[in-house]
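Student: In case you want the letters, here they are:
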Amino acid sequence: MTLPLNVENIGRWMKAEGAPDGDVVLSSRVRLARNLNGPAFPHVAGDDALKSIRQQVSAAAQQSKLLKGAHKIHLDLLSDLEKQVLVERHLINQRLLESKYASVIVEKDEVISVMVNEEDHLRIQALEPGLAMVDTWRIADMLDNEMETSLDYAFRPDIGYCTACPTNVGTGMRASVLVHLPGLVETKQIDKVLKAVSHLGLAVRGFYGEGTEPMSNFFQISNQITLSRAEEEIVDNIEKITRQIASKERDARKWLYSENHVHVEDTIFRAWGVLRHARLLSSKEAMSHLSSLRLGIYYKLIPDITSQTLNELFVLIHPAHLCVSAGRELTAEERDVARAELIRTRLRMKVS
Amino acid sequence: MQCKRCGKNPAKIHFAKIVNNQTTEYHLCESCAKQMNIMGANHEFHLENLISGLSSEPQEQPAAEESRLTCPACGLTSSGFKRSGRLGCVKCYEAFHDELMPLLRKIHGSAHHTGKVPAKSAESVSHGRQRDVKRLRKELREAISKEEYERAARLRDDIRQIEVDTKVHMEGEKES
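In order, the protein sequences belong to chains A and B.
By this note's numbering, the letter at position 92 of the first sequence is numbered 92, and the numbering carries on one by one without gaps.
Heads up, this note's numbering is the position in the second sequence plus 352, with the first residue counted as 1.
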């Protein structure tokens, strides 16, 4: 089975122009954990049960208007490389790769998707560009309602949606934003901000690309508590806090520039030079320079490049994407060559 | 700063985990972080790994009683749940109700759902909540008679919450 996705491009969620607070917030995501009433959760269920769950969810998706024309991808039919492409596009996670009879149903814009037989029977996901937590929740909620018309969910009035892990029970909702905070990192305020955020019941972690090193200046903020709060309350909370962080980040960026604009410009133009001319780029080096370039776009120092171009590159420069584009497995050095070439080409393209 | 676990390598991974205002700080080198499985699949800090630590101490329950606690539907045992941090099926929520409730309160601060209700369950919910209140009132009386005032306060809050929700729910129905 070949992947029914265009690996030269990425989903709408990272492409949209003029995303709200897009200078700081890359994306908003909502994930709902759901289980069917009856069969055991995937980590306990037998093969027949897992197959039947997959069939039921697939049939429910067939009835859904939001999932019209969606791709149903059975993971067991994919090569390891193709599976990694799905991970790099944030459509599935590593855990789904370890599950049996796992599938993902992906709507063609890649805004909504449903993982089947991960830790829970269903993981409904919606992903929107920029800070759009409330809208993203609405989309996930609508898809959940559609699926529910043909599925019988495991639900108890006292504790809500039943999930395999007690940390997800209740709303089953994990809402998160991906933010770019170079200003707060550079002015060393980041620890203070992140600590304050975690006191508000939210979890913050570095955003990981390849390996265990957090990617330069990217952070993911999500709710920790899923029970005893309503969904609207959770997304509203994240949206408000993120808006405050975004405004602090902009203050820091302004301050940095006014304090020492030569230093700021030097970092940005060095990154610009490396990205436009380098012949070998590791994932880490590329990410770090792309992060600087993103800041350069904010300061309007870099002409003709949009942050959407960079958002796309953040996905396309990952190993599996490079290999699938090349049509074969690449060695680490070949990947660095391909990565440098892709970045050079994309950054030379004029915005049409 | 040196890794707080092995004391040999420089600490590269720093984070604080705050659950219900209890802070645990970690300063680790990469290999210790890997060994502790802090960056497991998906690089998420796996909360379920902490669950075994959160649930009530094993010595509180006599071994014989614990082995009897088994979910009739999927066969998961209480100790199996504590090991994996995951439940086996929806019936586990009944089978392990007594140990699950305090655990949910520790994780989420409260153990009462106030969010979305599937349309199919909506009718039965208000009825179910009334039943909950009856059960909680009984537990509250027991707690008071045993002078377990902390537990009683929690139960009182839970009852209040349900009553507020039910009222909102009924008002919403009247409007529609």
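By construction, these hints were calculated from the structure, which means they are not laboratory data.
The structure presented is a predicted model; accordingly, all values stated were derived computationally and were not measured.
Check before you lean on any hint, since a few could be wrong.
[As the list claims (entries may be wrong)] Looking from chain B toward chain A, a few residues come up when the C-beta cut is under 8 Å (computed):
hint : residue
1    : Pro424
2    : Val442
3    : Gly461
4    : Ser462
5    : Ala495
6    : Ser497
7    : Tyr501
[As the list claims (entries may be wrong)] Okay, derived cross-link-like pairs now, DSBU-like style, lysine-lysine, Cα gap no bigger than 30 Å in a straight line:
hint : chain 1 : residue 1 : chain 2 : residue 2
8    : A       : Lys248    : B       : Lys364
9    : A       : Lys195    : B       : Lys458
10   : B       : Lys490    : A       : Lys188
11   : A       : Lys192    : B       : Lys364
12   : B       : Lys458    : A       : Lys192
13   : A       : Lys68     : B       : Lys472
14   : B       : Lys356    : A       : Lys188
15   : A       : Lys192    : B       : Lys360
16   : B       : Lys443    : B       : Lys364
17   : A       : Lys65     : B       : Lys360
18   : B       : Lys443    : A       : Lys195
19   : B       : Lys356    : A       : Lys284
20   : A       : Lys195    : A       : Lys68
21   : B       : Lys360    : A       : Lys284
22   : A       : Lys192    : B       : Lys356
23   : A       : Lys195    : B       : Lys364
24   : A       : Lys100    : B       : Lys434
25   : A       : Lys195    : B       : Lys356
26   : B       : Lys434    : A       : Lys51
27   : B       : Lys364    : A       : Lys284
28   : B       : Lys364    : A       : Lys72
29   : B       : Lys443    : A       : Lys51
30   : A       : Lys192    : A       : Lys100
31   : A       : Lys100    : B       : Lys443
32   : B       : Lys360    : A       : Lys240
Ideal Cβ placement from N, Cα and C applies to all residues, glycine included.
Student: If a hint holds in the structure, say so; if it doesn't, say that too.
Tutor: Hint by hint, here is what the structure shows:
1. Using the Cβ-Cβ criterion of 8 Å, the hint placing Pro424(B) at the interface with chain A is not satisfied: the shortest such distance is roughly 12 Å.
2. Nearest Cβ of chain A to the Cβ of Val442(B): about 4 Å, under the 8 Å cut. The hint holds.
3. Residue-level restraint check for Gly461(B) holds (minimum Cβ-Cβ distance to chain A is 6 Å; threshold 8 Å).
4. With 8 Å as the threshold, the beta carbon of Ser462(B) comes within range of chain A, its nearest partner Cβ sitting at about 4 Å, so the hint holds.
5. Checking Ala495(B) against chain A: minimum C-beta separation of about 18 Å lies over 8 Å; hint violated.
6. Restraint check, Ser497(B) versus chain A: the minimum CB separation of about 23 Å is more than 8 Å; hint violated.
7. Hint status for Tyr501(B) relative to chain A: violated, with the closest Cβ pair at about 21 Å, above 8 Å.
8. Of the pairs offered as hints, the one joining Lys248(A) and Lys364(B) holds, with about 26 Å between alpha carbons and a cut-off of 30 Å not exceeded.
9. Distance hint between Lys195(A) and Lys458(B) is fulfilled; the C-alpha atoms sit about 20 Å from each other, no more than 30 Å.
10. Among the hinted pairs, Lys490(B) with Lys188(A) is inconsistent with the structure: their alpha-carbon atoms are about 53 Å apart, more than 30 Å.
11. Pair hint Lys192(A) plus Lys364(B) holds up; C-alpha atoms about 18 Å apart against a cutoff of 30 Å.
12. Only pairs whose Cα atoms come within 30 Å are accepted, and Lys458(B) paired with Lys192(A) is accepted, the gap being roughly 25 Å.
13. Taken as a hint, the Lys68(A) and Lys472(B) pair is honoured in the structure, with Cα atoms around 24 Å apart against an allowance of 30 Å.
14. Of the supplied pair hints, the one linking Lys356(B) and Lys188(A) holds, its CA atoms being roughly 23 Å apart against a limit of 30 Å.
15. The suggested pairing of Lys192(A) with Lys360(B) holds, with an alpha-carbon distance near 28 Å, which does not exceed 30 Å.
16. This hinted pair does not check out: Lys443(B) and Lys364(B) have alpha carbons roughly 43 Å apart, beyond 30 Å.
17. Restraint check for Lys65(A) and Lys360(B): the C-alpha separation of about 57 Å exceeds 30 Å, so the hint is violated.
18. Simply put, Lys443(B) and Lys195(A) have alpha-carbon atoms about 38 Å apart, too far for the 30 Å limit, and the pair is violated.
19. Between Lys356(B) and Lys284(A) the CA atoms are separated by roughly 27 Å; this keeps the pair inside 30 Å, and the hint holds.
20. The hinted pair formed by Lys195(A) and Lys68(A) fails the criterion: a straight-line CA distance of about 42 Å is larger than 30 Å.
21. With a C-alpha separation of about 26 Å, the suggested pairing of Lys360(B) with Lys284(A) holds against the 30 Å cut-off.
22. Note on Lys192(A) and Lys356(B): the hinted pairing holds, with a Cα-Cα distance of about 22 Å set against a maximum of 30 Å.
23. As the CA atoms of Lys195(A) and Lys364(B) are separated by approximately 18 Å, the hinted pair is consistent with the 30 Å bound.
24. For the suggested pair Lys100(A) and Lys434(B), the alpha carbons sit about 23 Å apart, so the restraint of at most 30 Å is met.
25. For the suggested pair Lys195(A) and Lys356(B), the alpha carbons sit about 20 Å apart, so the restraint of at most 30 Å is met.
26. Between the alpha carbons of Lys434(B) and Lys51(A) the distance comes to roughly 28 Å, so the proposed pair stays at or under 30 Å and holds.
27. Taken as a hint, the Lys364(B) and Lys284(A) pair is honoured in the structure, with Cα atoms around 16 Å apart against an allowance of 30 Å.
28. A C-alpha spacing of about 41 Å is found between Lys364(B) and Lys72(A), which places the hinted pair above 30 Å, so the restraint is violated.
29. Between Lys443(B) and Lys51(A) the alpha-carbon distance is near 21 Å, which keeps this suggested pair within the 30 Å criterion.
30. For the hint pairing Lys192(A) with Lys100(A), the CA-to-CA distance comes to about 42 Å; that exceeds 30 Å, so the pair is violated.
31. With a C-alpha separation of about 22 Å, the suggested pair Lys100(A) and Lys443(B) falls inside the 30 Å cut-off, and the hint holds.
32. Our distance criterion of 30 Å between C-alpha atoms is broken by Lys360(B) and Lys240(A), whose separation comes to about 42 Å.
Checked against the numbered hints above, the structure violates hints 1, 5, 6, 7, 10, 16, 17, 18, 20, 28, 30 and 32; every other hint is satisfied.
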